[in-house]
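**Student:** Take the given structure of chain A and dock chain B to it, following the hints.
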Amino acid sequence: MRITQSMMSSSMMKNLQNNYKRLDKYQEQLMTNRRLNRPSDDPVGVASSLHYRAEISSTTQFAENVDDADSFLKFTDTVMNEATQIVQKLSELAVQGGTDTVPKDARENIAREVEQLYTHLVSLGNTQFKGRYILNGQRTDQKPYPDDPANEKYSLDEGIVQYQVGAGIYVDVNMLGDKVFGKFGDADNLFTIVNDMKTALLNDNTSGISGAIPKLQGALEKLVIGQAEVGAKQNRLEFTTSRLEDLNMNYIDLQSKTEDIDMPKVITELKTAESIFQASLDTIARISRPSLLDFLR
Amino acid sequence: MRSTFHTLEIGKRGIMAHQTSISTTGHNITNANTPGYSRQVARLTAARPIDYPGMYNLSKNPNQLGMGVEVDSIRRVRDFLLDIEYRNQNTVHSTWKVKQETLGNIEGVFNEPSDNSLAKSVSEFWNAWQLLSKNPGNSDLSARTVVQQKAVALTETFNHISNQLNTLESNLTERINVKIGEANNYITQISDLTQMIKRIEGLGDNANDLRDKRDLLVDQLSGLGNVNVVEGEDSYQVTFGGTLVVDNMAMTQITDGDIGALTDGEIKGYVESRDIHVAEYKRQLDIIANTIANGPVEVTLPAGTILPPGVSIPNAVTDPSNPRKLMNDTKYTVNGLNGLHKLGYALQEPAKQGGDFFVSQNGGPITASNMRVSADILSDVKNIAASMRTEVRQGPNGTTQEVPLQGNGDMALLIASLAEKVYSFSQPGAVTKSATINSYVQSVVAQLGTDADHATKMVENSLLLADHADSLRQAVSSVSMDEEMSDLIKFQHAYSASSRIITTMDEMLDKLINGTGVVGR
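Sequence lines, in order, name chains A and B.
Here the first sequence is numbered in my numbering, starting from 1 and rising by one per residue.
Here the second sequence is numbered in my numbering, starting from 1001 and rising by one per residue.
Same shape as in the complex, but just chain A (with noise of 0.2 Å):
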């Protein structure tokens, strides 16, 4: 085949540009630090890259739901707590008024220690987390306990409050005020065994008054199973923290192993497109001088 100076420039300028498209290709990646710049770059790692996207970004939502649900909880927890030390008060106080060497107005000085811790508890009852009532279920904007819950009928919301940790994953994070409490006119409601502890307290019933006892014995059990409760929810919580952060872990894994470039590769690219480069332009100016012309006369 023929060839003329024409077509060797012009092959050497088709050449220079398939040099150049390659080092503009690594200057890219290494700048923008990924190898997925847009679609095309990888059509198959694109679609994987959206998925790991969209996954890390509902793990992330779900890893906040748990702490949410956690101080919940927690919150829950508190309020328990100091339920249970009002209620160890209590028996104390019951121990006390039902010996029957006691004076009357020091079992009425008792009652009025009770009388305060009775409203403690119904405050306690009315405890809000974040502005909504954490005990009546799903009827938070509802205070649960009238002022004197032992003589005023209440009643409670039984709905669950649902975070979701997962995908098809829920969490329940509320505790139902019956089950810490007791129901209106149930046997075992705290508030009308305090009361009649009251009354007899007022009314010297020495009987009454320990017969408060293994009634507050039975609603501390209470307490403290549903402090059980809540405990093993925490505890469930731990276990899908930690999981979801492992998820977590893995696929921002994933994605930058889709989407970024692998540095020392693409430097080593860079390096071998840029000496190839030069070499080019070497070979151009090398080729493009000499003609006939030069060696005629």
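If you're looking for bench data, these hints aren't it; they were derived computationally from the structure.
Please note that the accuracy of each hint is not assured.
Stated by the list, open to error - As a list, the in silico DSBU-like pairs of lysine-lysine whose alpha-carbon atoms are at most 30 Å apart:
#, chain 1, residue 1, chain 2, residue 2
1, B, K1097, B, K1282
2, A, K265, B, K1342
3, A, K130, A, K143
4, A, K179, B, K1097
5, A, K215, A, K153
6, B, K1213, A, K183
7, B, K1382, A, K143
8, B, K1282, B, K1382
9, A, K21, A, K215
10, A, K14, A, K271
11, A, K233, B, K1325
12, A, K130, B, K1150
13, B, K1457, B, K1282
14, B, K1352, A, K130
15, B, K1352, A, K14
16, B, K1097, B, K1213
17, B, K1012, B, K1511
18, A, K130, B, K1213
19, B, K1342, A, K130
20, A, K271, B, K1511
21, A, K14, B, K1457
22, A, K74, A, K265
23, B, K1342, B, K1352
24, A, K183, A, K130
25, B, K1097, A, K21
26, B, K1282, B, K1342
27, A, K25, B, K1097
28, B, K1421, A, K257
29, A, K143, B, K1342
**Tutor:** Here is chain B on its own, set in the frame of chain A:
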């Protein structure tokens, strides 16, 4: 009988022929870099010999006496078959170049994968509902504001991408019109040149440079669309697509209606880019927007859900004391976010059913460009339905009314879970019949990547073929400096030698004329 000045004439012919050769060589050298130029060669032939009867020959047949050299013609060295090959490859290459450009633009519009993209907006939207599920009541309206804002961001992303695709579409239509004008321009020039060539060649000359010009124009026209050139003894016809645009002296301009017959070339590339590629991604975007808003998807309504009045679910087991209350977890297919949202209750008293969440700005079916958040939700975040339970409660003035349970975030949880649910895609052209929203978006982006990658590879391949065809052409037609230089030397020597013949004859004649018959002068 030979004439006296016969040899002078031969010398003169030699000088003139070689002079012509040298100027042709000069023409070649000066035009070495002219695009479309094919080198020209002066064809030298021996002039017609004359009969030369010998004085003493015994045969009756005369000899042939040579009459020197003459330039038969100046031809251009060009292989028209290679031209055809090049034009075909050029047309194909131009198509892919244009398509690659468009697909690159579409990739830029979608901007995936990145933190500012459709996929990201969708993720953040679902996450906002998670936030709402933890804060469904009056105590914290900021979660509702987040849902509202993320919803607006989502619709704005859809609107934005759709608008950019629309702009791209109208740009492509612009380009098509411009290219049609360009093609008509070439056609007019080709036709003018054909007339000039006919005139010149009618006189028996070779219109080499004009033909080069015309061939160059046809090359450029081939970039715009597939051309077919048929040249006969007396005819020259150019077909562009399906239209005979140049027919000897006659010319036809092309219009919009003619471009449908094109099979390749820039114009076809723009048409396909607009009508196939841009249209495809507009359609997919519309499908995604419409499905998020109204696409059929199955959800599980939790036990204890209070259905809004008038809603009945087949096969649902309801509480005998309250036919609106579900006893068990119940599966139900709803029409997208809108359908699901309408099963919940806003944060209003008395209980108010949720309304459409996404609406279309112009009242028709929801598309990516007309998708908006409903005015209700924009005006009051309390109109976002998060709860699925109500109860009847005593009002302040003794009346009873139905109110939503504020601590119930079941609707928010259900809507958040739509991220993982499988939707039915029954629209024509959907890439799959059923998928989650995320995987549908991923499929569309992967398809875009494949299309763009394919176009890039085709551009490279077709460029290789076009370049190869062009270099075959160049091998035949382009000017080699070294060749021309050595030809120049050749012709120069021949010129000198011819003039030497004249000098020789001159001396001889001088001797004859001035040197003979002067005896005794």
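**Student:** What are the numbers of the hints the structure violates, in ascending order?
**Tutor:** 2, 4, 6, 8, 9, 15, 18, 20, 22
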